[in-house]
Amino acid sequence: MKHEYEKGTSGDVGVGIGVHADVDTGVGPVAEIRDLRVVVDGRAIVDGVSLRVLPGRVTALIGASGSGKTTTGLALLGEYPADALVTGDVRVEAGGLVGYVPQHPAAALNPARRVSALLTDIARARVRHLPVRQRRAAARERVLRALAEAQLPDAETLSRRYPHQLSGGQQQRVVLAQALLLGARVIVADEPTTGQDALTKGRIVERFRAVAARGIAVVLLSHDLDVVSALADEVVVLRAGRVVESGPAQRVRSSPRHEWTRELFGGQVESPDPDESASRPGASARGPLGTRTESPDPDPDEPTGQPGPRIHRLPHARTEVPDPDEPTGRPGVRARGPLNRHTESRDPDGRTARTGQPVLRVRGLTARHRDGARGTAVVLRAPALDLYPGRSLAVVGRSGSGKTTLARCVAGLHRDHDGEILLDGTPLPRSLRDRSRTQLAAVQYVFQDAHAAFDEHRPVVHQVARTAVRLRGTDPDTATREALTTLAGLGLPEELAHRHPGRLSGGELQRAALARALLARPRVLVCDEITSGLDTVTRRGILDVLTTLVRGRDDLSLVLITHDLDTAALAHRIAVLDAGELVEQGPAEVVLTTPAHPFTASLVRTTTRLTAGTVT
Amino acid sequence: GGGSDSDDGAGDGSPKKGGRLRAAFAGGGASETLDPHLANLFADVARAKALFDKLADYGADLSAQPRLAEKWEPNKALDRWQVTLREATFHDGSPVTARDVLHSYRRIADPKQAFRAKASLEPIDLDASRATGERSIEFVLKRPTAEFPNVLAAFGAYIVPENATGFDKEPVGSGPFRFVSFAPGRSAVFRRYDDYWEGAPHLDEIEFVVANEESARVNALLGGQIEYAHELNPTTARAHEDKGQIEIVRLRGSAMQAFCMKTDRPPFDDERVRQAFFLIADRRELVDGALSGAGEVGNDLFGKGYEYYADGLPQREQDLDKARALLKQAGAEGLKVTLDTSAVAAGFTEAASIFRDQAKKAGVTVEVRMGSKDSYWSDILDNGALCCYRSGAMPIEAHISQRLLTDSTTNATKWRHKDFDALYQQAQSTRDKTERAAVYERMQRRLYGEGGFLIWGFADWIIGTARNVKGVDTKAPANTLDWARFDTVWLA
Amino acid sequence: MSGLRSFVARRLLLGGVQTVAVVLLVFALTEALPGDAAVSLAGDQPDPARIAAIREAMELDRPAWERLADWAAGLLHGDLGTSLVSGRPVRQYLADGFGPTLLLAALTVALLVPAGFGLGVLAARHAGRPVDRLISSVTLAVYAVPEFALGVLLVTVFALRLGWLPPTAVGYGTDLLAHPAALVLPVLVLLSRPVCSLVRLVRAGMIDALASPYVAQARRYGVSGARVRYTHALPNALAPAAQQLARTIDWLLCGVIVVEALYVIPGLGTVLLGAVAERDVPVVQGLAVVFGVLTVVLNLGADLIAHRLAPRAGAAA
Amino acid sequence: MRSPRTGRFALGLTIVAVPLVLALLGPVFAGEPGARAASFTLGEGHWLGTDFVGRDVWRQVLHGGRPVVLTALAATALAYLVALPVGLLSALTRLRWLEELLMRPLDVLLAVPSLLLILLAATVFSPGAVGLALLVALANVPDAARLVRAAAAEAAARPAVEALRMQGETWWRMAVGYVGRSMLRTLAADAGTRLTGVLYLVATAAFLGVGVAPDAADWAVMVDRNRTGLFVQPWAVVVPAMLIVALTTGTNLLFDAALDKGGRRGPRRTEKEARP
Ligand SMILES: Nc1ncnc2c1ncn2[C@@H]1O[C@H](COP(=O)(O)OP(=O)(O)OP(=O)(O)O)[C@@H](O)[C@H]1O
Ligand SMILES: Nc1ncnc2c1ncn2[C@@H]1O[C@H](COP(=O)(O)OP(=O)(O)OP(=O)(O)O)[C@@H](O)[C@H]1O
Ligand SMILES: [Mg+2]
Ligand SMILES: [Mg+2]
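Chains as they are written, first to last, in our numbering: chain F, 749 to 1364; chain E, 5 to 496; chain R, 550 to 866; chain C, 6 to 281.
Careful: at least some of the hints might be erroneous.
[What the hints assert, rightly or not] Mimicking EDC-like on lysine to aspartate or glutamate, the simulated pairs with C-alpha atoms at most 16 Å apart in a straight line are:
1) E:Lys365 to E:Glu337
2) E:Lys365 to E:Asp436
3) E:Lys116 to R:Asp593
4) E:Lys418 to R:Asp596
5) E:Lys418 to E:Asp361
6) E:Lys377 to R:Glu608
7) E:Lys364 to C:Glu49
8) E:Lys418 to E:Asp273
9) E:Lys116 to R:Asp610
10) E:Lys173 to E:Asp39
11) E:Lys116 to R:Glu608
12) E:Lys365 to C:Glu104
13) E:Lys364 to E:Asp323
Treat the hints as calculated values from the structure; they're not laboratory data.
Just chain F, same shape as in the assembly (with noise of 0.2 Å):
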């Protein structure tokens, strides 16, 4: 397959349905795909994909997981899933680097050597036309310079760390930084703005943004249509490998011709028809998860039961904001998208049926990471947290908070702290290898990085089913059978679930994780981050079963950690973490509609901006 891009070749592209290049007259493409096929075992999971990428463009490849984006963005760099039999052209500009942000960063990033070791690799071939003596420094400066653009405050110390040292959101933007130091002519972004939350979300964006600007082409693979509306020049739509729909996104986004584009758009789009939003597959998810409408209580998760404002303010609580120069815009959280909807027209109370005891009491966590040079550093204080049968709750928080840090604890991951985490009353063991398998059932955890949790030498149906076998006694043939319903119930067919992790796309690892924790039938589920390599149309589908299932079984409560508000108000209630403090806390409605605390309010504000630059 020639990889190098002649001119004049370019002209008819595809079946009629490549990029528009009349959109931008008089520049060639800097990458072309043309009718790439890909096949696999049989099956084709990229069938008949043309795309030119433009210099200075942004071109966004939406659909759903699964849909073939990852392969095709793979494509532009040549390479393709090992034994597929490939054909069709791809060329990229001769010489020209190709920058590629991958959706799992955790793989990407070396764990032996250090980030600043990493970025410096990128940045010495950028330097070469120094002086050897200045060097140095000038690689040394690009890198913080990549770090500040990447988003990743304080950059002195976290380039001093190892990959493991830095949380999710953090890895991705490390990722971020290298495509930015690259200084390529291609970005090949896979979910850049995974596991990033709002506020972060938004500086990527325009990252992003001036990155185009400088005439470099990037080509976005993304579900979040928040990222793509803001973004993207250009949007393909992938369904099932083959391009149901292309154009412009404001187009694309405003009259989208392919039904499917439509249902994608769901919740962006507006609907003409507001109970055409109700059939689709989220939409069932009524109020916060799980919630029994006819339970009047008001708030059974606090304790005290004390009146006014149910605002958990806490002793630790930082007062100042966080971030001085968002804008003072629009208070509020913006109403839109079906699960919003439903949320502002459910019963105001949202009490259940049940008081008795929390199932999960947090008391007094303070969490410290070994960090360096400098020993242990307190990464998390959460003074108390209150988890009861049947309710969910939303832990939300800018990137590198301690979300993950807070789940990891109660999950018995991380050892590293003081305070008690209780179960029933009874404090859990610090160590899950401490834990009996009752406990261990109790409390289940879904990993934020689904690549890297599981094992890339055995079926992903073996290791779901495991769980059952060694959790709950089940044979091992009941719990294949139940293992695959499960994973046919996340939307992953039962030939998906034969393969081996690393063959299958980063949105049905997830799914596959959920539904390994699931089989536990845990107590506590804590979710990390669970839906965001989901796009709308499969994340609803998710929620949906949640929701199901904490309905369904009364013992089932959930903490869900997400940098996504509009997940979070699904929730019965909301935790708000900023810099490893636990700053407020209270039902989802209050937390997102009055946010008390100066960050949470900022975080819901930057939603709604966020939106809003979509037209842009």
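Given chain F, work out where chains E, R and C with the ligands should sit, using these hints.
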């Protein structure tokens, strides 16, 4: 006289003066010392004999030859010996005197020390012995000893100056070479001593280097790094003999090879079993297999070719039928014995396995047991019933006195017979040599018939030299005067 | 890193205990061996009276623990004791033997590291292709050739047939540096086996590392091939190889008996062999101290490297 | 893709088949021992000559495979049988003291010259073939355990292991199924050389009087004991040495081919697309 023999024996033209000869020996490692009385290994002895002299030394037939002693004269009863020293000087110029001799012997016999020659000097009553002049000594013996000169030639009985201390720093002897430098376990360099009583050596310098591995010695010799390599394997000899690269010297009859049966315990306390074993051994096969053919077959008697050797006895051959019959008579059919062996000497393990197979044919099961080579000799002295044995050259008299008398210290066959002891005493009190030889013959006949030593062969001692090395004696067994003797050697 | 510092401190402390254990073990082993210095000195003249006399002269008739205690007391004053056999200080034995050993080891390691890693990486880079097949099979085959055979072969060819190099270092004493040619063959033989095992381990680790996503990422970003291999992939393949390297250095420093014997190099191996054969307990113990300390330090080094290369390992729940 | 791999399988099989077939069937064809000849000679019906005690080398070769294959394989397997759990346990445990307890005593063993160990065993225990296998395994355990630990440490800290723990997975599945699987290639590489090392250790031990008889028909022992005759009668060394080389090289070729079958996953850049 040994010294003059070797010159005509070599027949390599006229000696040339000068040059440095490097000789490699297997050594004792970092613990080596130049104290001649501590000499234990061949390397020690070679160095000691370059620096020091004994009063007498063994000729090729293991008879005592005068060295520092010019002559010796016993009294009638053979228990007082008058020894006259020749005129010789130590390297520092002082003469070798009777006092030096007595000092040396007293040092060796010091009860607080454990020098090797102590046992050999045991017959001398050192308190009673005295210097009768500057160069004459009267040795008073504890009992008549016809073979007293053998004592003077004993292994390690070197003469050191009376005031000698610190042997490793600046040893002073009366030998043909004087000390230059010494690094234990690595090398020792000596220079010619021009005033040597027997005439100055031909070589300017001699360097003894240590190379424990046989192949290292061969390689160094082939590569021209050394001129003299001591103790080579028979296979190496075969590979290089007559190839023109190096000279191979075989010192015949240097090491007696035997199996040693303890005559005081079953099954060997029955002389028929011992005789059966004598008949089991196929000596040719043992020599070919274990010694790679480098040696000659033995006849169950020590000292083939030495003075007093009973060579009139018929050569024993393998006779399995007779052996089986003897075993049957002794009620030892299906006999099982354990044969102790160890890697302590070349050919031991080989001999053991060959003998095992030979014994099998006679219905005897021999189980070979490997022992530690560091403590082998003391292990087998009292333990087990059958073991591999070897002995370097020594006079037959010494062999008997050390190993075959009731009070012998290393009586490995546990051969204890009053009448045999008496015969030995008789020999020692017999002044006439032929009469003495007859007594020795009687003793050997007895050993041949029912002794504990199954002596199957005598191994050659193999030395390799560079082609330009001349004057190396080819007949002297190891441990005798002309073996490892460098004052008569020259580089052509 | 404070965690690291306490790790090292603890390990060094344990190292002290380990060294004591090594010395005790070696003492026990040497004592358990049949025979003692007296027996070995007596050689083939094991006259019981003489052995007893020697034993007395060497104070071997005192109980073992008493001798050990005396020796240990001396050690506290930095005195390693004196040899039973020669009466010379043990320190001198060690000093004499250490020079050649260290020289050989240093040279070998200096060649081993580039050769081992270079070939290993080369093989991994061409995994499955002829270069790799060649390297893999040759290393295995060479590994299967016994040391002595290789030694003899090299001497025969390069020293005796071609005459390029001296066959042994006989007579050069400890001053081997003055005769560099004499070191070539021993170093080659010493190199032969470690290089093979190192190459194989590096290759194995590298194949997995080179197939990893982070290496793919570095490649995409135009990091030069060599840099990718040596600074990105290699660190992740290094931990087992570092262990192997430590073991090799340990072996090189603690006695390479065959090579020392074959090439007449008076190193520690020769000293050890002699001392064990002579049951020269103080010398053996002195060596045990040296070996114990060396092993502790080398193992610690290897563990530190492993720790550095797998930084996540310390953080497991 | 397929054909080179099968090719390698075939090659490995052929190479390994020669020593294996000899080891298995050799004794059947060996026949009765003939009379001894002089040591290290050629001719007289001995087509590989005679060995150090004058036996027919070919006969010894026929007999010498079984013990080699058995003892060496057993000893290697045994060494890993101990080293794997120890190394894995210490890599997987979070208990510092347990780790130290497992590894530090092994370090002590490492520091003791193996010569001394074998000498001692030779004299104190006088073990048989089984004892020998045990002893050789023991000598290999510390080394192997350290290697296993080093290779396992990184894999043991991966999130995948955390996920397995979360599932309440058994220790064995975690250690062997995942961590062990991750370092399979390293282990295979190490096993190749270790097997060879073990072979010669057995031979050395034999010479020192441990286990097999010093003149046993055993390829490794033959190599060791016939070395003196290398220049006179090379076959006595060369043939058994070649068989050992074939055994180890062939086994490893098979290993390698099998491992490659397990194959690499994930995006792989093919040659053609390699960027300039
Ligand atoms: N190596 C592979 N072998 C076989 N099938 C694969 C492989 N990689 C991906 N697939 C399949 O191809 C399809 C497309 O995968 P791809 O990763 O391109 O999806 P995606 O659009 O990026 O999805 P997501 O949003 O979930 O990341 C998926 O169904 C996936 O299961
Ligand atoms: N192993 C570690 N060593 C040191 N610091 C760490 C380590 N792991 C995480 N941190 C730091 O602790 C803080 C909290 O991390 P955590 O993973 O809990 O964030 P998070 O809220 O989950 O972020 P994200 O949304 O990006 O996943 C971050 O600043 C991170 O850099
Ligand atoms: Mg994807
Ligand atoms: Mg996180």
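Evaluation of the provided hints:
1. Between Lys365 (chain E) and Glu337 (chain E), the direct Cα distance comes to roughly 12 Å. Compliance with the 16 Å bound is thereby established for this hinted pair.
2. Distance restraint check for Lys365 (chain E) and Asp436 (chain E): the Cα-Cα separation of roughly 47 Å exceeds the 16 Å cut-off, and the hinted pair is therefore not satisfied.
3. With a C-alpha separation of about 21 Å, the suggested pair Lys116 (chain E) and Asp593 (chain R) falls outside the 16 Å cut-off, and the hint is violated.
4. As the CA atoms of Lys418 (chain E) and Asp596 (chain R) are separated by approximately 14 Å, the hinted pair is consistent with the 16 Å bound.
5. Between Lys418 (chain E) and Asp361 (chain E) the alpha-carbon distance is near 26 Å, which puts this suggested pair outside the 16 Å criterion.
6. Of the pairs offered as hints, the one joining Lys377 (chain E) and Glu608 (chain R) is violated, with about 23 Å between alpha carbons and a cut-off of 16 Å exceeded.
7. Distance restraint check for Lys364 (chain E) and Glu49 (chain C): the Cα-Cα separation of roughly 24 Å exceeds the 16 Å cut-off, and the hinted pair is therefore not satisfied.
8. Of the pairs offered as hints, the one joining Lys418 (chain E) and Asp273 (chain E) holds, with about 10 Å between alpha carbons and a cut-off of 16 Å not exceeded.
9. Proximity of Lys116 (chain E) to Asp610 (chain R) is assessed by CA-CA distance (about 14 Å); at most 16 Å being required, the pair is judged to hold.
10. Proposed proximity of Lys173 (chain E) and Asp39 (chain E) is supported: the alpha carbons are some 10 Å apart, at most 16 Å.
11. Simply put, Lys116 (chain E) and Glu608 (chain R) have alpha-carbon atoms about 12 Å apart, close enough for the 16 Å limit, and the pair holds.
12. Taking the CA atoms of Lys365 (chain E) and Glu104 (chain C), the gap is near 58 Å; set against the 16 Å cutoff, the hint is violated.
13. Pair hint Lys364 (chain E) plus Asp323 (chain E) holds up; C-alpha atoms about 13 Å apart against a cutoff of 16 Å.
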